[in-house]
Amino acid sequence: MDTTLPPHGMADPKSAVGKFPAPEQMVDVLVVGAGPAGLAAALEAARSGASVLLVDEHPVPVGLAGLDVPYLFGGRAGAALANPARMVERVAAATPGLVEAYDAGVEVLLGVSAWGAWVERPGLAVLPCSLAGLSDGSRSWMCGFRRLVVAAGARDLVLSFRDADQPGVMGARGLAALLTRYDAFEGREIVILGTGRLALDTALLALDRGIAVPALVEAAAAPVGPAPMVEAVRSRGVEILCGHVPLAAVASPAGVAGLDVVPVAGGPARRLDCDTVCLAIGLVPAVELLDVAGARLVMDAARGGYVPVLDDAGRSTAPGVVAAGDCAGIADDPGLDYRMGWMRALLATGGADAPACLCEEVTRADVFALNPPRYLGPPPPAMAARDYAALLRDGPPDHDQMKRLTRVSMGPCQARRCREQVAMLMAIGAGLPAASIGLAGYRAPVRPLPLSALAGGGDDEAGWDVWFGILSQWVPYAAIGTEREDAWRAGSMHL
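The sequence shown begins at 163 in our numbering and counts up by one.
Please note that the accuracy of each hint is not assured.
Across the chosen pairs, the derived CB separations fall in these ranges [unchecked claim]:
1) 285 to 566: 19 to 27 angstroms
2) 458 to 401: 39 to 47 angstroms
3) 255 to 394: 26 to 34 angstroms
4) 285 to 649: 30 to 38 angstroms
5) 545 to 475: 46 to 54 angstroms
In short, the hints are calculated from the structure, not lab data. Note that the structure is a prediction, hence the values are computed from the model and not measured. C-beta atoms are modelled at their ideal positions from N, C-alpha and C, and glycine is treated no differently.
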């Protein structure tokens, strides 16, 4: 075999080292999220003399809202979302502190999402600097930064029940955004799930906006939120129905037309009239960007789930990456035990045929049976004979493995509608604490992107020959496709 090395100083013509395009933009500080924490960080950085770019994904395009990204909008976003310019005006007007940020010299981009982040560390030496991928939905570009502040907030905790895929089943964050930032909510009567501070705040917000709230539904035996808030909600004529969980949404051509609830202890179902069901059981820190940036995450049962490991200054374990606000942990969260109580009650009353993953049409029974997607046809006998109990005999439960086997958490919503409930089902099936189920890993892009937004990245056909096989990277490029390549490979198959 010819093992002659290229002459000293000859560059590999197809190596990416030193050839990664310079970012379109370079800033000292990139802040993701224009909530209170993000605005405070942007202002502090700008006043210190740093160049600051503040991006916020709101207003989201109507297509992303339909995928429940970043919140569970539940098909209740009005037609106003189809007017992006008007939505930008509304979101800007509804964001306190934005004008102050402009005046301080902060560059603000609304309707722009951060879909990935890579910081300089071993294994990423090919990068010219720390980078973030940004997109406005029509195009994508790279922004270089010296420091990244992730203030991405939190998303809705989603627990499903029968017919929860109807338009009208939404989350508390989604409802709040449509009411306060978008002014685009289409609904008149809401039943709210939960009685914690989040649910009580949601009820008061809806009532103040003239929306009827006939009832709050709670799995626990008594309300879990602050007593003064509970009384404030009750005093406005809202029934608080404890010891009950949803059994099924009542479907109609327009979506939800009611909610059937059932006592946790057993008994007949009761129908509540509504056109919207709002999940306000809890929030989940939005840690996906931190995860792909390499920040270490740990389970904190009292702060909403997996959160970044931070020092006293908010610095994560990823160099130059800081977390602030709800993505660093949820204050006043009822805790993981409260969520597990809801999940156990839903499983006991709604059975195993209720959905676990709406995107891939995976039921709770499919999770426990390790059933592959139905569109793949009947599984081979050897696979059909294995279930979750058999998998547990091979090792501890693994959410990523469950994804591969059942396609659960693999849909276009990027698991926003099922990640936590699948983890809780896995914990229940294994007889383990919920905190023992590891986090299913995130990958960029952490926001759904059209392929057109990723086109034109500078790739050309010259590099295609080595994209599809590891062996090719060790073949001298001038020899690819020649007899010398065959000799070099010593009979290895061409991948």
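Checked hints:
1. 285 to 566: 19 to 27 angstroms: For residue 566 against residue 285, whose Cβ atoms are near 24 angstroms apart, the range 19 to 27 angstroms holds.
2. 458 to 401: 39 to 47 angstroms: Between residue 458 and residue 401, where Cβ atoms are some 44 angstroms apart, the hint holds.
3. 255 to 394: 26 to 34 angstroms: holds (28 angstroms)
4. 285 to 649: 30 to 38 angstroms: With Cβ atoms ~32 angstroms apart, the hint holds.
5. 545 to 475: 46 to 54 angstroms: Taking Cβ atoms as reference, residue 545 and residue 475 lie about 50 angstroms apart, which means the hint holds.
When each numbered hint is compared with the structure, no violation occurs for any of them.
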